[in-house]
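Colleague: Residue-level listing of the chains:
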Amino acid sequence: MLHNDADFPSIHLKGANFGIRVVFPEELPDDVLLEKFESISKETYVLPVGTGVVLDFQSRSCSEDLIGKILLGAVWPKDLNILAWIASDGETAARFRRAGFKTEEPGGRDLYDRSETLILDHSLRSGQHEESFGDVVLAGHLNSGAEIFAGGSVSVLGSLKGLVHAGRLGTEGVYILAKSFESQQLRIGDRLCSQLNSDMKWWKKPVIITLEEEGLLFRDWKMDTGNDAT
Amino acid sequence: MGGRVIVVTSGKGGVGKTTSTANLAVALAKSGKKVVAIDADIGLRNLDVVMGLENRVVYNFIDVIEKRARLNQALVRDKRVENNLFLLPAAQTRTKDAVTPEQMAELCEQLRPDFDFVLLDCPAGIEGGFRNAAAGADEALVVTTPEIPAVRDADRIIGMLESMGKSPIRLIINRFRPIMVEDGDMLAKEDILDVLSIKLIGIVPEDDSVIRSANRGEPLTFTQTSPAAQAYSNIAGRIQGLDVPWLQLDAGRSNGIFTSLKKWFGF
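So the sequences go chain by chain: A and B. So in this note's numbering the end of the first sequence lands on 230, straight run, no missing numbers. So in this note's numbering the end of the second sequence lands on 267, straight run, no missing numbers.
Hint data in this document are derived by calculation from the structure and do not stem from the laboratory. You may find that some hints are simply not true.
Below, computed lysine-lysine pairings styled on BS3-like, alpha-carbon distance capped at 27 Å [to be verified]: (1) A:205 to B:189; (2) A:179 to A:204; (3) B:67 to B:96; (4) A:42 to A:78; (5) A:179 to B:199; (6) A:201 to B:189; (7) A:179 to B:189; (8) B:199 to A:204.
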């Protein structure tokens with residue numbers, strides 16, 4: 001069937017914490033949807049962060065025939081890692097489940113749990129930057145101007161003067177631990193706190209910081225060496 | 001085996017790189033070493049002024065690199081020191097792009113056999129000028145003042161020098177004011193060393209004579225015995241591996257009128 005591309009809305013690709021969300025417009029005919037989806041180059045799906053693709057059909061229907069064509073025409077040839085098939089149309093969602101597809105939104109926690117811990121045995125100087133999908137343990141100082149972005153928790157076993165973003169994929173059940181807290185900005189999950197200064201009672205103290213509903217929660221970090229009896 | 005090539009750098013501007021280069025060059029030359037100080041700050045040269053040699057500059061090292069002059073034509077000899085001290089000026093009318101790191105490294109290799117020390121006065125910043133100056137150096141002297149921005153920039157530069165394989169990298173703390181440290185208004189030596197984690201080679205106290213000497217074009221280490229001159233001479237000794245005692249830098253409050261009044265009133 002001949003058609004003009006301009007007659008139909010485009011497939012939207014959105015960056016997300018898990019990778020890319022492919023949103024199929026509801027009014028797109030099946031053949032046009034297939035053609036547009038197949039024309040997206042494989043390189044488009046390569047992102048520095050994230051691990052896969054979510055196919056979001058919104059409220060449109062997706063027949064078994066279309067599922068087969070999507071798999072044959074785009075998913076398998078491009079070697080896409082499909083994290084979920086999302087549909088608000090009940091029949092379509094049931095069809096996806098019967099096919100054995102994941103139909104829940106991917107959570108950051110899965111990505112975090114699958115990642116390894118990055119252990120750094122040296123201080124990070126100004127301008128130096130480390131990233132990890134998992135936890136990060138820094139056996140040294142995080143100097144002012146240095147950064148750690150982690151999918152999981154971050155432990156700084158020296159002075160924390162630089163910038164830490166724990167749970168950068170949106171994960172909130174993570175913590176930041178510092179032997180000496182001296183940073184003016186912290187990020188956990190999707191929250192940012194920049195109201196930090198030397199007037200805080202936690203300044204230059206060992207702390208563990210978590211994200212609670214009302215904001216960042218600072219607590220004393222007391223090292224238990226297990227030698228109290230001696 | 002030739003001389004040692006040392007870059008004097010900082011990251012932040014205005015902390016005393018050029019003053020340190022000039023004073024150390026003079027102090028090393030006075031101790032009998034043959035020294036050349038290279039102004040690597042192309043387009044913003046100052047070392048010739050601080051060393052009092054600006055009126056003797058004919059060629060610069062860009063002229064040497066671009067084959068308009070021979071190396072010995074561009075070297076400016078400082079007649080105040082017995083045939084031991086030379087300046088290789090930068091071009092004032094060019095930019096940092098006029099030279100590549102490879103060309104700077106080659107220039108340093110040409111100078112190395114004829115000198116005991118090649119000191120490179122590095123421009124501020126972390127861009128091409130810094131990379132050019134550092135390219136030919138084996139070692140580095142990082143200059144900082146006891147201020148948080150300067151220490152943070154020094155930290156950045158040290159990280160870059162480490163990644164370039166420069167060793168040793170040693171620290172000069174410049175414009176140090178013990179009285180402010182005592183009052184808690186200035187970073188203490190220990191605070192700076194805790195952040196930067198490199199070996200300290202000297203502390204230069206704040207000294208008005210530094211400004212006077214820069215304006216006169218006569219580095220302190222030529223004649224003076226001011227605290228800063230003494231500190232630079234000591235650093236020059238340590239660069240040569242000598243075990244030089246550290247200057248006693250006290251707050252100097254004991255003779256102050258306010259100290260006496262405080263004691264009188266029991267504060």
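Colleague: Of all the hints given earlier, name the ones this structure violates by number, lowest first.
Modeller: Failing hints: none at all.
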